[in-house]
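Asks: In this text, residue positions in the sequence shown follow the numbering used here: the first is 155, and each later residue adds one.
You may find that some hints are simply not true.
[As the list claims (entries may be wrong)] Derived SDA-like pairs: lysine to any residue, alpha-carbon spacing no greater than 25 Å straight-line:
| id | residue 1 | residue 2 |
| --- | --- | --- |
| 1 | 621 | 598 |
| 2 | 417 | 469 |
| 3 | 315 | 342 |
| 4 | 511 | 469 |
| 5 | 511 | 525 |
| 6 | 439 | 454 |
| 7 | 564 | 584 |
| 8 | 338 | 352 |
| 9 | 353 | 309 |
| 10 | 197 | 158 |
| 11 | 188 | 236 |
| 12 | 587 | 624 |
| 13 | 439 | 460 |
| 14 | 188 | 308 |
| 15 | 235 | 283 |
| 16 | 352 | 336 |
| 17 | 348 | 328 |
| 18 | 286 | 236 |
| 19 | 358 | 426 |
| 20 | 627 | 567 |
| 21 | 628 | 608 |
| 22 | 352 | 391 |
| 23 | 188 | 304 |
| 24 | 315 | 242 |
| 25 | 315 | 277 |
| 26 | 315 | 283 |
| 27 | 564 | 592 |
| 28 | 411 | 424 |
| 29 | 293 | 282 |
| 30 | 547 | 519 |
| 31 | 581 | 558 |
| 32 | 547 | 557 |
| 33 | 358 | 342 |
| 34 | 197 | 163 |
| 35 | 197 | 231 |
| 36 | 564 | 526 |
| 37 | 197 | 208 |
| 38 | 511 | 474 |
Hints in this document: simulated from the structure, not taken from any laboratory.
Just so we're clear, the structure is a prediction, and the values are computed from it rather than from any experiment.
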Amino acid sequence: MYAEALNTCQVIVKNKMFSNAGILKMNMGNIYLKQRNYSKAIKFYRMALDQVSSVNNQMRIKIMQNIGVTFIQADREKMKKAFQKLIAVPLEIDEDKYISPSDDPHTNLVTEAIKNDHLRQMEHERRAMAEKYIMTSAKLIAPVIETSFAAGYDWCVEVVKASQYVELANDLEINKAVTYLRQKDYNQAVEILKVLEKKDSRVKSAAATNLSALYYMGKDFAQASSYADIAVNSDRYNPAALTNKGNTVFANGDYEKAAEFYKEALRNDSSCTEALYNIGLTYEKLNRLDEALDCFLKLHAILRNSAEVLYQIANIYELMENPSQAIEWLMQVVSVIPTDPQVLSKLGELYDREGDKSQAFQYYYESYRYFPCNIEVIEWLGAYYIDTQFWEKAIQYFERASLIQPTQVKWQLMVASCFRRSGNYQKALDTYKDTRRKFPENVECLRFLVRLCTDLGLKDAQEYARKLKRLEKKK
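Work the whole structure out from these sequences, hints included.
Replies: This is the structure we're talking about:
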(Lines of atoms letter the chains of each structure in order from A; the text may use other names.)
(Lines give C-alpha, C1' and ligand atoms only; values in the text may rest on other atoms or scores of the structure.)
Protein backbone atom coordinates (compact mmCIF):
# COMPACT_ATOMS: atom_id res chain seq x y z
CA MET A 155 0.00 0.00 0.00
CA TYR A 156 2.98 2.33 0.52
CA ALA A 157 3.69 2.53 -3.23
CA GLU A 158 0.05 3.45 -3.96
CA ALA A 159 0.10 6.08 -1.21
CA LEU A 160 3.29 7.63 -2.62
CA ASN A 161 1.85 7.70 -6.16
CA THR A 162 -1.33 9.40 -4.93
CA CYS A 163 0.70 11.97 -2.96
CA GLN A 164 2.88 12.70 -6.03
CA VAL A 165 -0.21 13.42 -8.14
CA ILE A 166 -1.61 15.80 -5.50
CA VAL A 167 1.74 17.59 -4.98
CA LYS A 168 2.04 18.31 -8.72
CA ASN A 169 -1.23 20.24 -8.55
CA LYS A 170 -0.13 23.89 -8.20
CA MET A 171 -3.48 24.79 -6.62
CA PHE A 172 -2.82 22.52 -3.63
CA SER A 173 -1.76 24.74 -0.70
CA ASN A 174 -0.56 22.13 1.82
CA ALA A 175 2.24 20.55 -0.23
CA GLY A 176 4.65 20.84 2.72
CA ILE A 177 2.50 18.65 4.98
CA LEU A 178 2.01 16.13 2.20
CA LYS A 179 5.77 15.93 1.56
CA MET A 180 6.33 15.36 5.27
CA ASN A 181 3.90 12.42 5.05
CA MET A 182 5.82 11.10 2.04
CA GLY A 183 8.99 11.36 4.11
CA ASN A 184 7.26 9.34 6.85
CA ILE A 185 6.41 6.62 4.32
CA TYR A 186 10.01 6.44 3.08
CA LEU A 187 11.17 6.25 6.71
CA LYS A 188 8.82 3.27 7.26
CA GLN A 189 10.32 1.66 4.16
CA ARG A 190 13.82 2.35 5.56
CA ASN A 191 14.66 4.41 2.49
CA TYR A 192 16.49 6.97 4.61
CA SER A 193 18.01 9.13 1.84
CA LYS A 194 14.58 9.65 0.21
CA ALA A 195 13.01 10.31 3.62
CA ILE A 196 15.56 13.06 4.40
CA LYS A 197 15.10 14.54 0.91
CA PHE A 198 11.32 14.86 1.34
CA TYR A 199 11.60 16.15 4.91
CA ARG A 200 13.93 18.91 3.66
CA MET A 201 11.55 19.75 0.82
CA ALA A 202 8.72 19.91 3.36
CA LEU A 203 10.79 22.19 5.61
CA ASP A 204 11.33 24.58 2.69
CA GLN A 205 7.60 24.73 1.93
CA VAL A 206 6.19 25.03 5.46
CA SER A 207 5.81 28.66 6.50
CA SER A 208 7.93 29.99 9.39
CA VAL A 209 4.63 30.97 11.05
CA ASN A 210 3.85 27.27 11.50
CA ASN A 211 6.64 26.82 14.04
CA GLN A 212 5.32 23.57 15.59
CA MET A 213 5.21 21.83 12.21
CA ARG A 214 8.76 22.96 11.37
CA ILE A 215 10.04 21.62 14.72
CA LYS A 216 8.31 18.29 14.07
CA ILE A 217 9.91 18.00 10.60
CA MET A 218 13.37 18.79 12.04
CA GLN A 219 12.83 16.12 14.70
CA ASN A 220 11.97 13.64 11.95
CA ILE A 221 15.16 14.56 10.07
CA GLY A 222 17.18 13.94 13.24
CA VAL A 223 15.48 10.58 13.86
CA THR A 224 16.13 9.55 10.24
CA PHE A 225 19.84 10.39 10.50
CA ILE A 226 20.06 8.31 13.69
CA GLN A 227 18.21 5.33 12.20
CA ALA A 228 20.27 5.50 9.01
CA ASP A 229 23.51 4.82 10.90
CA ARG A 230 23.02 1.32 12.33
CA GLU A 231 26.70 0.76 13.11
CA LYS A 232 26.84 3.96 15.13
CA MET A 233 23.85 2.79 17.18
CA LYS A 234 25.52 -0.56 17.83
CA LYS A 235 28.78 1.08 18.92
CA ALA A 236 26.90 3.47 21.24
CA PHE A 237 25.09 0.51 22.85
CA GLN A 238 28.38 -1.34 23.34
CA LYS A 239 29.90 1.78 24.94
CA LEU A 240 26.90 2.05 27.27
CA ILE A 241 27.28 -1.59 28.31
CA ALA A 242 31.01 -1.08 28.94
CA VAL A 243 30.55 1.81 31.41
CA PRO A 244 31.93 0.47 34.74
CA LEU A 245 29.60 0.53 37.73
CA GLU A 246 32.52 0.51 40.18
CA ILE A 247 30.53 -1.55 42.69
CA ASP A 248 32.54 -4.06 44.71
CA GLU A 249 30.13 -6.85 45.68
CA ASP A 250 32.89 -8.83 47.44
CA LYS A 251 33.07 -6.38 50.34
CA TYR A 252 29.57 -7.46 51.41
CA ILE A 253 30.70 -11.08 51.82
CA SER A 254 32.40 -11.82 55.14
CA PRO A 255 35.79 -13.48 54.46
CA SER A 256 36.25 -14.97 57.94
CA ASP A 257 34.50 -16.16 61.08
CA ASP A 258 35.69 -13.10 63.00
CA PRO A 259 32.60 -11.73 64.87
CA HIS A 260 33.86 -8.14 64.63
CA THR A 261 34.33 -8.37 60.83
CA ASN A 262 30.91 -10.01 60.47
CA LEU A 263 29.29 -7.16 62.42
CA VAL A 264 30.92 -4.57 60.15
CA THR A 265 29.80 -6.51 57.04
CA GLU A 266 26.21 -6.71 58.33
CA ALA A 267 26.26 -2.98 59.16
CA ILE A 268 27.28 -1.91 55.66
CA LYS A 269 24.88 -4.28 53.85
CA ASN A 270 22.09 -1.71 53.94
CA ASP A 271 23.81 1.60 54.66
CA HIS A 272 23.45 4.76 52.54
CA LEU A 273 26.36 3.83 50.29
CA ARG A 274 24.82 0.40 49.59
CA GLN A 275 21.46 2.03 48.81
CA MET A 276 23.19 4.46 46.46
CA GLU A 277 24.89 1.54 44.71
CA HIS A 278 21.50 -0.19 44.31
CA GLU A 279 20.06 2.99 42.79
CA ARG A 280 23.02 3.33 40.41
CA ARG A 281 22.66 -0.28 39.25
CA ALA A 282 18.88 0.13 38.78
CA MET A 283 19.45 3.31 36.74
CA ALA A 284 22.11 1.61 34.59
CA GLU A 285 19.81 -1.37 33.95
CA LYS A 286 16.94 0.97 33.04
CA TYR A 287 19.12 2.83 30.51
CA ILE A 288 20.34 -0.43 28.97
CA MET A 289 16.81 -1.88 28.67
CA THR A 290 15.43 1.36 27.21
CA SER A 291 18.30 1.61 24.70
CA ALA A 292 17.81 -2.00 23.62
CA LYS A 293 14.08 -1.42 23.09
CA LEU A 294 14.83 1.64 20.94
CA ILE A 295 17.55 0.21 18.72
CA ALA A 296 16.48 -3.46 18.39
CA PRO A 297 13.79 -2.80 15.72
CA VAL A 298 16.17 -0.80 13.45
CA ILE A 299 19.72 -2.18 13.77
CA GLU A 300 18.99 -5.39 11.85
CA THR A 301 16.64 -6.52 9.10
CA SER A 302 14.01 -7.49 11.70
CA PHE A 303 13.30 -6.60 15.33
CA ALA A 304 13.93 -10.24 16.33
CA ALA A 305 17.43 -10.16 14.86
CA GLY A 306 18.00 -6.80 16.56
CA TYR A 307 16.99 -8.21 19.94
CA ASP A 308 19.21 -11.26 19.38
CA TRP A 309 22.20 -8.96 18.79
CA CYS A 310 21.42 -6.98 21.97
CA VAL A 311 21.05 -10.20 23.97
CA GLU A 312 24.46 -11.50 22.81
CA VAL A 313 26.14 -8.18 23.71
CA VAL A 314 24.49 -8.14 27.14
CA LYS A 315 25.45 -11.78 27.84
CA ALA A 316 29.12 -10.88 27.32
CA SER A 317 28.91 -7.96 29.77
CA GLN A 318 28.57 -7.39 33.52
CA TYR A 319 24.78 -7.14 33.01
CA VAL A 320 24.36 -10.77 31.96
CA GLU A 321 21.16 -11.14 34.06
CA LEU A 322 19.42 -8.59 31.80
CA ALA A 323 19.59 -10.98 28.82
CA ASN A 324 16.49 -12.84 30.01
CA ASP A 325 14.61 -9.55 30.49
CA LEU A 326 15.43 -8.64 26.90
CA GLU A 327 14.09 -12.02 25.77
CA ILE A 328 10.83 -11.25 27.60
CA ASN A 329 10.71 -7.85 25.85
CA LYS A 330 11.18 -9.68 22.55
CA ALA A 331 8.23 -11.95 23.37
CA VAL A 332 6.10 -8.93 24.30
CA THR A 333 7.00 -7.29 20.96
CA TYR A 334 5.81 -10.44 19.18
CA LEU A 335 2.56 -10.14 21.14
CA ARG A 336 2.11 -6.53 20.03
CA GLN A 337 2.51 -7.74 16.46
CA LYS A 338 -0.09 -10.47 17.17
CA ASP A 339 2.45 -13.23 16.50
CA TYR A 340 1.30 -15.35 19.46
CA ASN A 341 3.06 -18.57 18.46
CA GLN A 342 6.51 -16.96 18.46
CA ALA A 343 5.77 -15.23 21.79
CA VAL A 344 4.67 -18.50 23.40
CA GLU A 345 7.75 -20.30 22.06
CA ILE A 346 10.13 -17.74 23.67
CA LEU A 347 8.22 -17.63 26.95
CA LYS A 348 8.18 -21.44 27.26
CA VAL A 349 11.99 -21.50 26.97
CA LEU A 350 12.31 -18.75 29.61
CA GLU A 351 9.84 -20.52 31.90
CA LYS A 352 12.45 -23.26 32.43
CA LYS A 353 15.09 -20.81 33.75
CA ASP A 354 15.75 -19.33 37.23
CA SER A 355 12.86 -18.40 39.53
CA ARG A 356 12.67 -14.64 38.75
CA VAL A 357 12.62 -15.12 34.99
CA LYS A 358 10.46 -18.23 35.36
CA SER A 359 7.84 -16.22 37.26
CA ALA A 360 7.81 -13.41 34.66
CA ALA A 361 7.59 -15.84 31.71
CA ALA A 362 4.88 -17.96 33.36
CA THR A 363 2.93 -14.79 34.19
CA ASN A 364 2.92 -13.77 30.52
CA LEU A 365 2.01 -17.30 29.40
CA SER A 366 -0.85 -17.38 31.89
CA ALA A 367 -2.18 -14.08 30.55
CA LEU A 368 -1.87 -15.34 26.96
CA TYR A 369 -3.78 -18.55 27.61
CA TYR A 370 -6.39 -16.62 29.61
CA MET A 371 -7.01 -14.31 26.64
CA GLY A 372 -7.33 -17.41 24.48
CA LYS A 373 -9.94 -18.75 26.97
CA ASP A 374 -7.79 -21.80 27.75
CA PHE A 375 -8.40 -21.43 31.49
CA ALA A 376 -6.82 -24.76 32.45
CA GLN A 377 -3.46 -23.80 30.90
CA ALA A 378 -3.80 -20.25 32.23
CA SER A 379 -4.33 -21.61 35.76
CA SER A 380 -1.40 -24.02 35.42
CA TYR A 381 1.05 -21.28 34.38
CA ALA A 382 -0.35 -18.91 37.02
CA ASP A 383 0.48 -21.59 39.64
CA ILE A 384 4.03 -21.88 38.28
CA ALA A 385 4.43 -18.08 38.39
CA VAL A 386 3.12 -17.84 41.97
CA ASN A 387 5.24 -20.78 43.19
CA SER A 388 8.35 -19.23 41.60
CA ASP A 389 7.70 -15.83 43.19
CA ARG A 390 4.97 -15.58 45.82
CA TYR A 391 5.38 -11.79 45.89
CA ASN A 392 4.68 -11.27 42.17
CA PRO A 393 1.43 -9.22 42.09
CA ALA A 394 0.86 -9.88 38.36
CA ALA A 395 1.09 -13.65 38.93
CA LEU A 396 -1.38 -13.48 41.83
CA THR A 397 -3.74 -11.34 39.74
CA ASN A 398 -3.58 -13.86 36.89
CA LYS A 399 -4.34 -16.69 39.32
CA GLY A 400 -7.30 -14.70 40.63
CA ASN A 401 -8.51 -14.22 37.04
CA THR A 402 -8.51 -17.96 36.35
CA VAL A 403 -10.42 -18.63 39.58
CA PHE A 404 -12.84 -15.80 38.71
CA ALA A 405 -13.44 -17.38 35.28
CA ASN A 406 -14.50 -20.60 37.05
CA GLY A 407 -17.03 -18.68 39.15
CA ASP A 408 -15.27 -18.97 42.53
CA TYR A 409 -15.49 -15.25 43.33
CA GLU A 410 -14.63 -15.50 47.04
CA LYS A 411 -11.37 -17.32 46.29
CA ALA A 412 -10.58 -14.91 43.44
CA ALA A 413 -10.97 -12.00 45.85
CA GLU A 414 -8.38 -13.58 48.17
CA PHE A 415 -5.79 -13.72 45.37
CA TYR A 416 -6.48 -10.09 44.41
CA LYS A 417 -6.15 -9.03 48.07
CA GLU A 418 -2.80 -10.82 48.33
CA ALA A 419 -1.61 -9.08 45.15
CA LEU A 420 -2.56 -5.73 46.71
CA ARG A 421 -0.77 -6.59 49.95
CA ASN A 422 2.40 -7.24 47.94
CA ASP A 423 1.97 -4.13 45.79
CA SER A 424 -0.62 -1.55 46.84
CA SER A 425 -0.24 0.20 43.45
CA CYS A 426 -1.38 -2.88 41.47
CA THR A 427 -4.35 -1.25 39.72
CA GLU A 428 -5.30 -4.46 37.87
CA ALA A 429 -5.87 -6.30 41.16
CA LEU A 430 -7.86 -3.37 42.59
CA TYR A 431 -10.04 -3.19 39.45
CA ASN A 432 -10.64 -6.94 39.44
CA ILE A 433 -11.51 -7.08 43.13
CA GLY A 434 -14.12 -4.40 42.41
CA LEU A 435 -15.61 -6.63 39.69
CA THR A 436 -15.52 -9.58 42.10
CA TYR A 437 -17.42 -7.68 44.81
CA GLU A 438 -19.96 -6.68 42.16
CA LYS A 439 -20.47 -10.36 41.29
CA LEU A 440 -20.89 -11.14 45.00
CA ASN A 441 -23.46 -8.32 45.23
CA ARG A 442 -21.28 -6.51 47.78
CA LEU A 443 -21.94 -3.24 46.02
CA ASP A 444 -20.67 -0.86 48.72
CA GLU A 445 -17.29 -2.62 48.77
CA ALA A 446 -17.19 -2.68 44.96
CA LEU A 447 -17.91 1.05 44.85
CA ASP A 448 -15.16 1.69 47.42
CA CYS A 449 -12.65 -0.18 45.21
CA PHE A 450 -13.55 1.76 42.09
CA LEU A 451 -13.52 5.12 43.91
CA LYS A 452 -10.01 4.31 45.21
CA LEU A 453 -9.01 3.42 41.67
CA HIS A 454 -10.51 6.66 40.38
CA ALA A 455 -8.26 8.57 42.80
CA ILE A 456 -5.25 6.88 41.12
CA LEU A 457 -6.49 6.88 37.49
CA ARG A 458 -8.44 10.12 37.24
CA ASN A 459 -9.30 9.88 33.53
CA SER A 460 -9.84 6.15 33.13
CA ALA A 461 -13.08 5.68 31.18
CA GLU A 462 -13.30 2.04 32.31
CA VAL A 463 -13.17 3.01 36.00
CA LEU A 464 -15.70 5.83 35.54
CA TYR A 465 -18.04 3.45 33.73
CA GLN A 466 -17.79 0.84 36.50
CA ILE A 467 -18.67 3.49 39.13
CA ALA A 468 -21.70 4.48 37.06
CA ASN A 469 -22.66 0.81 36.70
CA ILE A 470 -22.48 0.27 40.49
CA TYR A 471 -24.71 3.28 41.11
CA GLU A 472 -27.19 1.91 38.56
CA LEU A 473 -27.21 -1.45 40.39
CA MET A 474 -27.78 0.49 43.63
CA GLU A 475 -30.85 2.02 41.93
CA ASN A 476 -29.37 5.52 42.05
CA PRO A 477 -29.86 6.63 38.42
CA SER A 478 -29.01 10.31 39.03
CA GLN A 479 -25.52 9.38 40.30
CA ALA A 480 -25.13 6.85 37.47
CA ILE A 481 -25.93 9.60 34.95
CA GLU A 482 -23.45 11.97 36.61
CA TRP A 483 -20.59 9.46 36.33
CA LEU A 484 -21.53 8.48 32.77
CA MET A 485 -21.34 12.15 31.83
CA GLN A 486 -17.73 12.05 33.02
CA VAL A 487 -17.13 9.03 30.77
CA VAL A 488 -18.52 11.03 27.83
CA SER A 489 -16.14 13.89 28.67
CA VAL A 490 -13.23 11.42 28.32
CA ILE A 491 -14.59 9.42 25.34
CA PRO A 492 -17.31 11.52 23.65
CA THR A 493 -17.86 9.04 20.79
CA ASP A 494 -18.54 5.76 22.65
CA PRO A 495 -21.94 4.55 21.34
CA GLN A 496 -22.49 2.11 24.23
CA VAL A 497 -22.05 4.83 26.87
CA LEU A 498 -24.30 7.21 24.94
CA SER A 499 -27.04 4.58 24.60
CA LYS A 500 -26.75 3.79 28.33
CA LEU A 501 -27.28 7.50 29.10
CA GLY A 502 -30.31 7.44 26.82
CA GLU A 503 -31.66 4.39 28.64
CA LEU A 504 -31.22 6.01 32.08
CA TYR A 505 -32.84 9.28 31.02
CA ASP A 506 -35.72 7.28 29.51
CA ARG A 507 -36.21 5.48 32.83
CA GLU A 508 -36.25 8.85 34.56
CA GLY A 509 -38.98 10.01 32.17
CA ASP A 510 -36.84 12.63 30.41
CA LYS A 511 -37.67 11.73 26.80
CA SER A 512 -35.94 14.73 25.20
CA GLN A 513 -32.58 13.97 26.87
CA ALA A 514 -33.05 10.26 26.18
CA PHE A 515 -33.63 11.05 22.50
CA GLN A 516 -30.51 13.24 22.37
CA TYR A 517 -28.21 10.49 23.67
CA TYR A 518 -29.85 7.66 21.73
CA TYR A 519 -29.54 9.73 18.56
CA GLU A 520 -25.85 10.47 19.29
CA SER A 521 -25.27 6.75 19.88
CA TYR A 522 -26.97 5.97 16.56
CA ARG A 523 -24.76 8.51 14.75
CA TYR A 524 -21.59 6.77 15.91
CA PHE A 525 -22.89 3.20 15.54
CA PRO A 526 -25.98 2.94 13.31
CA CYS A 527 -26.27 -0.85 13.68
CA ASN A 528 -27.46 -1.21 17.29
CA ILE A 529 -30.93 -2.76 17.01
CA GLU A 530 -32.04 -1.67 20.51
CA VAL A 531 -31.14 1.96 19.75
CA ILE A 532 -32.84 1.84 16.34
CA GLU A 533 -35.98 0.33 17.88
CA TRP A 534 -36.11 3.02 20.58
CA LEU A 535 -35.70 5.84 18.04
CA GLY A 536 -38.38 4.32 15.79
CA ALA A 537 -40.77 4.01 18.75
CA TYR A 538 -39.98 7.61 19.79
CA TYR A 539 -40.99 8.91 16.35
CA ILE A 540 -44.17 6.79 16.47
CA ASP A 541 -45.05 8.38 19.84
CA THR A 542 -44.45 11.85 18.40
CA GLN A 543 -46.32 10.84 15.19
CA PHE A 544 -43.41 11.52 12.83
CA TRP A 545 -44.23 8.46 10.74
CA GLU A 546 -41.75 9.14 7.93
CA LYS A 547 -38.87 9.34 10.41
CA ALA A 548 -39.99 6.14 12.14
CA ILE A 549 -40.12 4.36 8.76
CA GLN A 550 -36.46 5.26 8.10
CA TYR A 551 -35.33 3.58 11.33
CA PHE A 552 -37.46 0.45 10.89
CA GLU A 553 -36.27 0.08 7.30
CA ARG A 554 -32.68 0.18 8.57
CA ALA A 555 -33.56 -2.43 11.19
CA SER A 556 -34.99 -4.68 8.46
CA LEU A 557 -31.70 -4.37 6.55
CA ILE A 558 -29.73 -5.40 9.64
CA GLN A 559 -32.11 -8.25 10.52
CA PRO A 560 -33.71 -9.28 7.21
CA THR A 561 -35.04 -12.54 8.69
CA GLN A 562 -37.05 -10.72 11.39
CA VAL A 563 -40.60 -10.04 10.19
CA LYS A 564 -41.39 -7.50 12.94
CA TRP A 565 -39.42 -4.67 11.28
CA GLN A 566 -41.25 -4.93 7.97
CA LEU A 567 -44.56 -5.10 9.84
CA MET A 568 -43.56 -1.92 11.70
CA VAL A 569 -42.78 -0.17 8.39
CA ALA A 570 -46.19 -1.20 7.02
CA SER A 571 -47.89 -0.11 10.26
CA CYS A 572 -46.29 3.36 9.99
CA PHE A 573 -47.52 3.74 6.40
CA ARG A 574 -51.02 2.68 7.52
CA ARG A 575 -51.10 5.08 10.48
CA SER A 576 -49.86 7.97 8.33
CA GLY A 577 -52.78 7.39 5.92
CA ASN A 578 -50.66 6.06 3.06
CA TYR A 579 -52.81 2.94 2.63
CA GLN A 580 -51.53 1.98 -0.80
CA LYS A 581 -47.92 1.97 0.39
CA ALA A 582 -48.98 0.04 3.51
CA LEU A 583 -50.78 -2.54 1.35
CA ASP A 584 -47.74 -2.95 -0.92
CA THR A 585 -45.47 -3.40 2.12
CA TYR A 586 -47.78 -6.02 3.67
CA LYS A 587 -47.92 -7.90 0.36
CA ASP A 588 -44.14 -7.81 0.05
CA THR A 589 -43.83 -9.06 3.64
CA ARG A 590 -46.34 -11.83 2.89
CA ARG A 591 -44.18 -13.01 -0.04
CA LYS A 592 -41.10 -13.13 2.19
CA PHE A 593 -42.87 -14.64 5.22
CA PRO A 594 -45.82 -16.71 3.88
CA GLU A 595 -46.34 -18.44 7.26
CA ASN A 596 -46.73 -15.21 9.26
CA VAL A 597 -50.26 -15.00 10.74
CA GLU A 598 -49.99 -11.36 11.88
CA CYS A 599 -49.15 -10.14 8.37
CA LEU A 600 -52.19 -11.97 6.95
CA ARG A 601 -54.47 -10.46 9.62
CA PHE A 602 -53.37 -6.95 8.68
CA LEU A 603 -53.86 -7.74 4.98
CA VAL A 604 -57.42 -8.95 5.68
CA ARG A 605 -58.21 -5.87 7.77
CA LEU A 606 -56.65 -3.39 5.31
CA CYS A 607 -58.25 -4.98 2.23
CA THR A 608 -61.63 -5.00 4.02
CA ASP A 609 -61.28 -1.31 4.99
CA LEU A 610 -60.37 -0.44 1.39
CA GLY A 611 -63.20 -2.58 -0.02
CA LEU A 612 -60.87 -4.77 -2.05
CA LYS A 613 -61.90 -8.21 -3.36
CA ASP A 614 -58.58 -9.67 -2.12
CA ALA A 615 -59.96 -9.50 1.44
CA GLN A 616 -61.92 -12.77 1.04
CA GLU A 617 -58.94 -14.62 -0.45
CA TYR A 618 -56.65 -13.45 2.35
CA ALA A 619 -59.32 -14.38 4.94
CA ARG A 620 -59.46 -17.96 3.59
CA LYS A 621 -55.66 -18.21 3.69
CA LEU A 622 -55.67 -16.85 7.23
CA LYS A 623 -58.16 -19.53 8.39
CA ARG A 624 -56.08 -22.29 6.82
CA LEU A 625 -52.90 -20.94 8.42
CA GLU A 626 -54.55 -20.62 11.85
CA LYS A 627 -55.77 -24.24 11.63
CA LYS A 628 -52.18 -25.35 10.86
CA LYS A 629 -50.87 -23.46 13.88
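Asks: Are residue 315 and residue 283 close enough, with their CA atoms no more than 25 Å apart?
Replies: Distance of about 19 Å is within 25 Å: holds.
Asks: Can you confirm whether the C-alpha distance between residue 315 and residue 342 stays at or below 25 Å?
Replies: With a Cα-Cα distance of about 22 Å, the restraint between residue 315 and residue 342 holds, given a limit of 25 Å.
Asks: Can the restraint linking residue 411 and residue 424 be considered satisfied, given a maximum Cα separation of 25 Å?
Replies: At roughly 19 Å apart (the allowed maximum being 25 Å), residue 424 and residue 411 satisfy the hint.
Asks: Taken at face value, is the distance from the CA of residue 308 to the CA of residue 188 at most 25 Å?
Replies: 22 Å, holds
Asks: Would the hint linking residue 197 and residue 208 be met if the CA-CA limit is 25 Å?
Replies: Given pair residue 197, residue 208 holds - Cα atoms ~19 Å apart, limit 25 Å.
Asks: Are the Cα positions of residue 358 and residue 342 separated by 25 Å at most?
Replies: Within the cut-off at roughly 17 Å; holds.
Asks: For a C-alpha distance cap of 25 Å, please report whether residue 511 and residue 525 respect it.
Replies: 20 Å, holds
Asks: Residue 628 and residue 608 were given as a pair; does the straight-line alpha-carbon distance stay at or below 25 Å?
Replies: Holds, at roughly 23 Å.
Asks: Are residue 581 and residue 558 close enough, with their CA atoms no more than 25 Å apart?
Replies: Within the cut-off at roughly 22 Å; holds.
Asks: With the threshold set at 25 Å, check whether the alpha-carbon distance from residue 315 to residue 242 stays at or below it.
Replies: 12 Å, holds
Asks: Does residue 236 sit within 25 Å of residue 286, going by the straight-line distance between their CA atoms?
Replies: 16 Å, holds
Asks: Would you mind confirming whether the straight-line C-alpha gap from residue 188 to residue 304 stays at or under 25 Å?
Replies: Holds, because 17 Å separates the two Cα atoms, which is no more than 25 Å.
Violated hints for the displayed structure: none, as all numbered hints are satisfied.
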